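**Student:** Okay, here's what each chain looks like letter by letter:
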Amino acid sequence: MSEVKTVENMVSITIDGTTYQAKEGEYILNAARANDVFIPAICYLTRCSPTLACRLCLVEADGKQVYACNAKVKDGMEITVDTPNILEERRAIMEVYDVNHPLQCGVCDKSGECELQNYTLELAVDSQSYAIQDTKREVKNWSTVLHYDAALCIVCERCTTVCKDMIGDAAISTTKRGGEPLDKAYKETMPKDAYAMWNKLQKSIIAPSNGTDYTNCSDCGECTAVCPVGALTGRDFVYTSNAWELERVPATCAHCSSGCQIYYEKKHTSVFDRSEKIYRVTNEWNYVSLCGAGRYGYDFENRVESKDEAAFSAAVEAFKKAETIRFNSVITNEEALMLQTLKEKMGVKLVNPDARAFQKFLGAYAKAAGQSLYSYDFKEVMATDFVISVGASLRNDNPNARYAFNNIQKMNKGAGLYFHPVGDNLVPTFGKNVELFTHKVGLEEAALYLVLDLFADKEKLLEDVKSYLDSFKTTTTKTVKEKVMKDVTETVIDEETGEEKQVTKKVPEMVEKEVTVEKNALVEMLGKESDAFDAAFEKMMKKKESFSMIIGEDLYFHDRYENIAKLIALIEQTTPIRVAMIPPKTNSLGVALICDLDDEATGYTVGYNENGDFRLSALGNGDLDMPAMNQQEGTLTNMHKRVTPTNAALEYKGYELNDLMKVLVGAPELTVDWTEKLPVSKGFKRAKFDDLPNGYLNDGTENRGYALENITCEAEVVSVEKIDENGVLEGEIVYRCNPQRQFNDFTDKAHEIFEGFGLYAAPEKAKALGEKVEIDFGDRSITVDVIEDDRMEGDITALADFKSEADVYSLFGPSRYRKVTIRKV
Amino acid sequence: MGLEQFKNRNVGQQEYVMLDLEHTPQSPMGKFKQVVKRTFKPELFVGLGVTMREMINALFRGQMHTIKYPFEKLPISPRYRAIHEMLRLLESGHYRCIGCGLCEKICISNCITMDTRYDENQRKEVSEYTINFGRCIFCGYCAEVCPELAIVHGQRYETASEQRASFSLFEDMLTPIDKLNLQQEYDGFGAVTPNADENIKKTPLAY
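Residue numbers (our numbering), protein chains in the order written: chain L, 111 to 935; chain Z, 5 to 211.
Since the hints were derived computationally from the structure, they do not count as laboratory data. A couple of the hints might just be wrong.
[Said to hold, decoys possible] Derived contacts from chain L toward chain Z, CB cut-off under 7 Å, selection only: (1) V217; (2) S237; (3) I242; (4) Q243; (5) V249; (6) N251; (7) V348; (8) N352; (9) A353; (10) V381.
All figures in this text were calculated on a predicted structure; none of them were measured in a lab. For every residue, glycine included, the Cβ atom is placed at its ideal position computed from N, Cα and C.
Isolated chain Z, as found in the complex (with noise of 0.2 Å):
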């Protein structure tokens, strides 16, 4: 690849389209003749027609555009990354989290922290976790990097608060049991690609 391209400093000039637009008038008769030109010409109406078409639509055709925020919400792409909501399993309602720590690891505003501990059934308990939305950029790679899709993005992209440095602990972010069947599967930043099961070389198993 050739250099030339880089040694134009005048970056984007070339890709100009002149607009055939007509002079400014220079004489006090010349402003007074556009003046009046543009006053006159139907497009005013045009304009006004078009804001009482959609007036009409809206109030009395039902074809409301306004969303009457904060009591309504677009929906947003999968891959918008707003504050983190921790999964559980749809099974047994378990938190998915393993407290594998790489989240805390990839973390490049170190914002994430947990407390992990032997529990009774063998298993490694999350006993704590916090994200500390002062410092979080929302750079997505924590949910990116999580081997279980246990931290992911959710939709609540509101963080206003009284506190910028406020703490989100594990509860917080945590599904709620009884809301369980509403937990949406998260296809975002890190989600599980749709051909991943071709990339997978299978395992021999001897059962």
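Chain L with its partners taken away, still in its complex shape (with noise of 0.2 Å):
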């Protein structure tokens, strides 16, 4: 974080007399946690607001007991953590807690992870002094991936907070458990607290929010990460293991930019079959939150017996006669800057089709803006609190940009703004102060040149700037009806004294008056009502201290890039708005700063994941096996600036690309010694892989990898063009977004991931549109199911591009948008 640690925001607290240094504003439970001081706490996530469901938290801050989780520290603070009766009241509770809860800790999925059984331990609890009915409560599957024991269930709402505070579904919350009352002669005899927490524990249980059996939501399984009790867990990881026999390998999640830390959790696969299987994947919940990719997507590993010698000299002969590597991000910054020595010496072409749009994007953007890197990563997004979003879908392109969007109008009561072309009914659920504009396809400049109006210190501004956006306003009068609180006097007779008095009263009163409206054609170029959302903008920019943008691929495969790029570069040199954005594959940052990429492939071609005259693949489909990535070490660039270390999970036994080089131009004997050589001039750094670390640390400061240098050149004065309108699009509109949980043919290889290739439509466009269409685009056509989403509005279909086999990415072109001709099949 870029937050700068000075002495004035930093204060000193006492935590039973050792004095510690402490963010302001910040929670005692955090303050601690980051101090290494332990407070018990259950139902507390990080980054998410307190739920003060446990009460376990109580600690006596300057002479009074307060709930740790929402107490903020102040300078010269003194808190005790335990006092006798604050220990009265933990064990009290942790008592309740243990009241009717299944002694099935043998076959419990938590198996020794627990923290019921931590803290009961903890606070020593060796006899129940409680008592009540049970409640019949049944286990649910919620989903395809969620399974619910309601049984095992302590009601601690972490669940529920992360699904609302950071997922943005929102999709469980607390409901009736129909439990017997309290006896009443508990309230005189148990501590305060714990009778309290107890009595809202005994009335409720978690269920999805939509009132059926069966929660709408992404399938994060990020309530299954949090669940401290073995309530909430993978239905297919039910009963498989215990968690003391995985072995946690921690690694960077392959599957889209975001490049979260995961522990992939491995041993063997069965008693007769030794070889090594992924059983589930955890994260580090206090401070990354997975997607369901990252968490159900991690059985995409290519099975190879033995190195195939015939494929691997047919691969040498292939690459000798190659003009042209194809190939995608989902590869290793390592691999990448092998195919780069490859080009520079053998001279062949790299076609990546994504990593070149957003290469020439972000090299318009350095150019115009004087750095090399964007401004921002999403760590610091999250802690704006007023966010954009331009040209991103958020809920399929990036999990953790919309965790972010989510976050900041959860946590910072925050605003967004959401410029898009398809509709969403998620986005405008995330807060109060949402604004949604789905504006017609090609206007996203019209998005940017709004941003900069609303935001832009004007005394910054070109003259030209200046003049073309005060071009979009005009001045009407309108004749409104005001309410106005109008002094009466009257004479009144006092009764008692009969004096006479006069008294002075407001009177409301309706009065006609002319107001000069003004109209920002901006605002309804987009698709707004203008009145309606000057005002809605205003009570957004209440209270408002930091601002931020999220930029998403459909500027990077827009037609006028180049100015959106120039735009965005004059938003941040004349607004407090600084940018972010999202790469839009696994690797696109990593293969954009190390790779020369060219714009056609020609001649013969060599595809890596992708078509080809001769296929390496890690999938298992193509010419010569290829390790998947969770069988190979190396770094991956996220889209948080940040070089981060993977590890390989499961053996490979095949050839890997280092092999291949190492005939052709040779190269060190491992993969990973390419990580040192990579380009310093680009921002990376000279360092061994081995000394890359992947963790967090107790405060959540992210100590993992290495953060790109952002090198800085000189800023050219940006002359940014008018908004063309030609590009608009009207008709039939297909979109090339891929649906939540799927983001490549990896993804799609996973056995718990089910979204399904096809054209995604709002329901009743998928309804009009039938089963199965023929999607025809002029020179090319594609025959898809149609797959009803309940999250789009809205005409605009998207079409999904992990396929590589299908090849979506050409059919589309240079745009993310195109108009086609669809027919029902």
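Both chains are sitting in their own frames, so use the hints and assemble them into the complex.
**Tutor:** And the structure:
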């Protein structure tokens, strides 16, 4: 985080006699955790709002009992963690949690990682004083991946909190349990907080918030990760393994550009098959939240029995005669550097459409902004209180960008603007102050101009931009009725004394008034009422201090990407907004920095996980097998501008790219020996792979790999062009966009990810289209299934691009939107 | 406690009792005399008499002490640790093992493996269970840690086989369902102590 730790925003607090430094405005619990001081707490989640369900974090601060999870530190605060009264409360709370909790610890999937078990032992609960009749609580499968054992649930509400505050689905909530009421006598005899907590616990249980038995959510499984007991588990994992048997391999998720830190947890497949298998993926849920692809898309390994020498020599021949290497961004930095070396030494062309578009865009931005990378990472975005998203399908493109957008609304009392042509009914539910602009395709520039108009310091703008912005404004006069409080003076006779008195009263009166109304044609162009938006915007801007903008793939795949990049640089120069970009695929940023990419493939083509005359494939369907991402070590450059290491979870017995490099141009012994050769001129560091850490510190500091250096250069005076309305598309439009949880062939291979390849459409549109359609792109056409997505709205349909076989990228060409003809099949 | 007793390295010498034995004769005549004396002493017949008595007892009075191994075996202590057995619940006949994996965890020679799954009755099913008897050192930890008294040490101590590292599967160890009535309750390592009830604090129930 770039937040400067100066002396001013640090305060000193005393916990149990020792003085510590803490960030001002931080909760006591977080301050204690950052300083390695233990305060018991079950229900609190870092980065989410306190729920006060467990009440264990009770401490004494300056002589008063407070909850450490929602009391903020003050300078000179004296905190005592344990007082006799607090210890009594805590013990009673733990006893209450143990009432009727099934004694299934032997089979429970938590297998010793249970917080209920830990705190029961920590607080030395060795006898039970309370009892109540139990309620029958059924085991339920909420979705294809979520398994809920209500009998084990302690209703700490961590799942509902994370779903609302972090994920944004708010798909689960507490509901009535129908339990017996508490015995009145307990109110007198029990400690106060324990009684209150029990009273609430006895009444509630967790259930899908839509009132059905099934959740309507993105199936990210974050609720299962945060569950302190064995109540919520992945359906596939239930009763398959004890936690202690699994070996944890720290890695970086290879599915999207978030590059989240994950642990692959593996052990042997069965009694008879001793080869290792990944059983589940876990994460440091206090500091990073995964999506469904990261959590459930783990079994995409390429099992190869031996080195296929014939295929290898064929591959060497293929590389020797290749004119082009086509690849995608699901590769490590090291592999990207190998391919770049091949280009330099053998003169092949490198073709990677997603990274190429991003590279061009980033180049244009760097020239205008005077820095090689965008300004903010997504952690910094999360700390702001006003966020704007342009050109990203927030729900599908990148889960972490969406979590950041949502978290700002929930935690920072934030506001958000969301510009996108595809209607979405989830984003508006993130917060009260979220405005959705469902604009026409091709008006992304108008969105950026509107941002300029709303936020720019007009002094800093060039004259022509200023006058261009003013040209959208028209003032009209309008008669409005207004309620005015009018003073009316009356003479009243006091009944007691008989004296006359003048009394002034305020009486409301409706007055007609002429007001001048400024109309902004930009707002109207983007499909909103100017007046209504002005009023909403005024409310949104209240008490806002920091601003950020999320930029997505639509803008890289745009005819006017150069002008857009300049506009973004201009926004950063003239407004307090700082920009973070979403690289289109896993390692697009790394590839864009490392490789010189070409636009067109020519001649004999070697495809790496892509189509080609000779195919290297980690999917098991190519001419030479390659290791998948969970079988190789290396580094990935993620959207937080960080180079993060990933480790091999599973064995791979075949050839890897480095073996080819050894034969072709000479290479070091191991793939990871390339790590220190990554180009320093592009911001990489000369660091050895084995020296790269991969974890989080107690205060949430990301201690993973290293951050890329943002190289600054002379910024040019930005001259931006006007909005080009010729690019506006109307009619039947298809958008290139993956469903949630699908990013590439590897997620598709995973057995717990069910989203299919097809054309996603809003329910009404899907009904109109029928079951199967042929999409005619003019020169080519594709026949796909129609899949309903009830989170989508409007007429634009989304065609998934995760199957490289279908070659959707080349169907769309340089844009993410295409006008097509759709025929029912 | 003083350390003196540890500093004396001639451990045990202090405890010796010297027997009053006659000296070994040195002269040839002395040796001859000793041989004659021992040969014609009546102790020889005492010994022969005992053998004769036992022979008669065994052959004619039915007091044979020889165990005709392997057709007969001596009863062994319940604490003896032989080949494992998996017990069943007496009421339902269902296997006792709940698949908690504690035996697998505690096994110091790492020879226990099990597969579990979520079954149709929402229970944890033990789909396979093996002990590699080539590695097992019969320490008894598995039986001791087992919360259900499901895995116990049986009486079968013959572990010779063609392959030392042979596997023993779940069904090999499980009490055959038709011999459930012969299943013995286990008293060895990890069994409930006779005074277990006294050590339990009762949890109140609201029924």
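**Student:** Checking each numbered hint in turn, tell me which of them this model violates, lowest number first.
**Tutor:** Of the numbered hints given earlier, those the structure breaks are 6 and 9, listed in rising order.
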